[in-house]
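Q: Sequence:
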Amino acid sequence: MLGPGSRVFEIVAYTTYEVLEDLTTGACTTERVSLMAKKADLLEKAAELKLEVSEKNTIAEIEAAIASAEKHEVREAAPAKAGKRSEKALKEADEKAEKDARKEAGDTTPKSDEAETHVKKGPAPKIRSRLERRGKNYRKVAEQLEAGKVYPLAEALELAVKTNPVKFDASVEIHVRLGVDPRQADQNIRATVSLPNGTGKTIRVAVFAPEGDHAAAKKVGADIVGDEDFLKSLDKEELNFDVLIATPQYMPRLGKYARLLGPRGLMPNPKAGTVATDVARAVTEAKTGKVEYRVDKQAIVHLSVGKVSFGAAKLEQNARAFFDSLASQKPSSLKSAYVKSTSITTTMGPGIKTENVVS
Numbered sequence: 001m002l003g004p005g006s007r008v009f010e011i012v013a014y015t016t017y018e019v020l021e022d023l024t025t026g027a028c029t030t031e032r033v034s035l036m037a038k039k040a041d042l043l044e045k046a047a048e049l050k051l052e053v054s055e056k057n058t059i060a061e062i063e064a065a066i067a068s069a070e071k072h073e074v075r076e077a078a079p080a081k082a083g084k085r086s087e088k089a090l091k092e093a094d095e096k097a098e099k100d101a102r103k104e105a106g107d108t109t110p111k112s113d114e115a116e117t118h119v120k121k122g123p124a125p126k127i128r129s130r131l132e133r134r135g136k137n138y139r140k141v142a143e144q145l146e147a148g149k150v151y152p153l154a155e156a157l158e159l160a161v162k163t164n165p166v167k168f169d170a171s172v173e174i175h176v177r178l179g180v181d182p183r184q185a186d187q188n189i190r191a192t193v194s195l196p197n198g199t200g201k202t203i204r205v206a207v208f209a210p211e212g213d214h215a216a217a218k219k220v221g222a223d224i225v226g227d228e229d230f231l232k233s234l235d236k237e238e239l240n241f242d243v244l245i246a247t248p249q250y251m252p253r254l255g256k257y258a259r260l261l262g263p264r265g266l267m268p269n270p271k272a273g274t275v276a277t278d279v280a281r282a283v284t285e286a287k288t289g290k291v292e293y294r295v296d297k298q299a300i301v302h303l304s305v306g307k308v309s310f311g312a313a314k315l316e317q318n319a320r321a322f323f324d325s326l327a328s329q330k331p332s333s334l335k336s337a338y339v340k341s342t343s344i345t346t347t348m349g350p351g352i353k354t355e356n357v358v359s
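Oh and the sequence shown: position 40 is 40 in the working numbering, straight run, nothing missing.
Some clues are possibly wrong.
[Stated by the list, open to error] Only pairs whose alpha carbons sit at most 20 Å apart, straight line, appear in this in silico DMTMM-like list of lysine to aspartate or glutamate:
(1) Lys96 <-> Glu61
(2) Lys162 <-> Glu146
(3) Lys162 <-> Glu173
(4) Lys287 <-> Asp223
(5) Lys39 <-> Glu52
Keep in mind the hints are simulated off the structure, nothing from the lab.
Can you make the complete structure from the sequences, with help from the hints?
A: Take a look at the structure:
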């Protein structure tokens with residue numbers, strides 16, 4: 001704007017003064033007036049571009065400065081070259097530019113192809129139940145059970161034998177959820193029981209005892225009997241046995257192998273009957289079906305009471321022996337219900353809810 005106080009106004013005023021002075025002297029010409037007006041316009045444009053020029057610069061210098069500034073602006077506005085772009089990249093750039101333009105214009109309606117893509121999106125996949133995710137044989141035998149029904153022990157064992165979904169001789173397992181707190185020392189259930197009909201498994205028994213007990217242990221069926229030679233096999237981590245029996249005086253020598261034996265449940269323990277002075281009796285009990293059970297962190301006791309081939313009658317005898325033993329382990333400090341639930345199942349069969357037999 002050409003107003004009082006502006007730099008261009010001062011230049012025009014100065015130029016007018018020069019013209020008036022020239023008129024007085026008679027030196028003013030039409031060409032001189034034209035050049036002065038042109039210079040004033042150029043200076044105004046230079047001021048808009050924030051160029052450092054003044055009335056002392058010539059018209060040519062001002063024009064050159066303006067041209068250079070305009071060229072620099074065009075160069076900054078132009079996108080940098082990124083090499084040759086593929087047709088796909090160019091198409092994506094055009095689509096993005098078109099989308100941005102529609103967004104700025106306030107048009108949020110999706111294009112026809114975008115709408116089609118949205119419509120083609122199918123429904124969420126159906127979440128199958130646990131039974132539907134099981135195998136065909138499992139689903140077939142599970143149909144024989146009534147949902148929510150709690151079966152008597154004898155009937156539950158008969159169903160367990162019938163609903164074995166595999167071809168091999170599966171184990172029959174009992175799972176009892178207790179109302180104890182395993183973190184309490186007096187409620188951490190751990191005991192042994194001798195099953196009348198055995199477990200149906202071949203138990204390999206190892207004996208670590210003085211040489212005087214070796215002959216008696218071998219006579220009743222011990223698979224491995226040793227002293228120093230047995231420790232050498234432990235050094236090699238050879239654990240070709242299922243039960244390890246040791247005499248009390250030999251237990252300290254097994255201390256260095258606690259990390260090897262403990263996690264596998266092979267460390268001898270007085271509660272399990274595997275630390276004994278009568279080695280022959282301990283071997284006989286282990287061979288004829290004496291098993292250990294204990295409560296886990298979830299307060300559940302798990303025990304295999306035989307094989308499907310035993311039949312329901314023999315399985316019931318073993319189960320009742322286990323329940324009698326479990327009843328004798330009830331903590332005196334427990335105020336709530338001792339047994340919360342019981343279920344029977346084969347190795348890969350469905351769970352069968354069973355009545356509480358523990359009295």
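Q: Of the hints given before, which are not true for this structure?
A: 1
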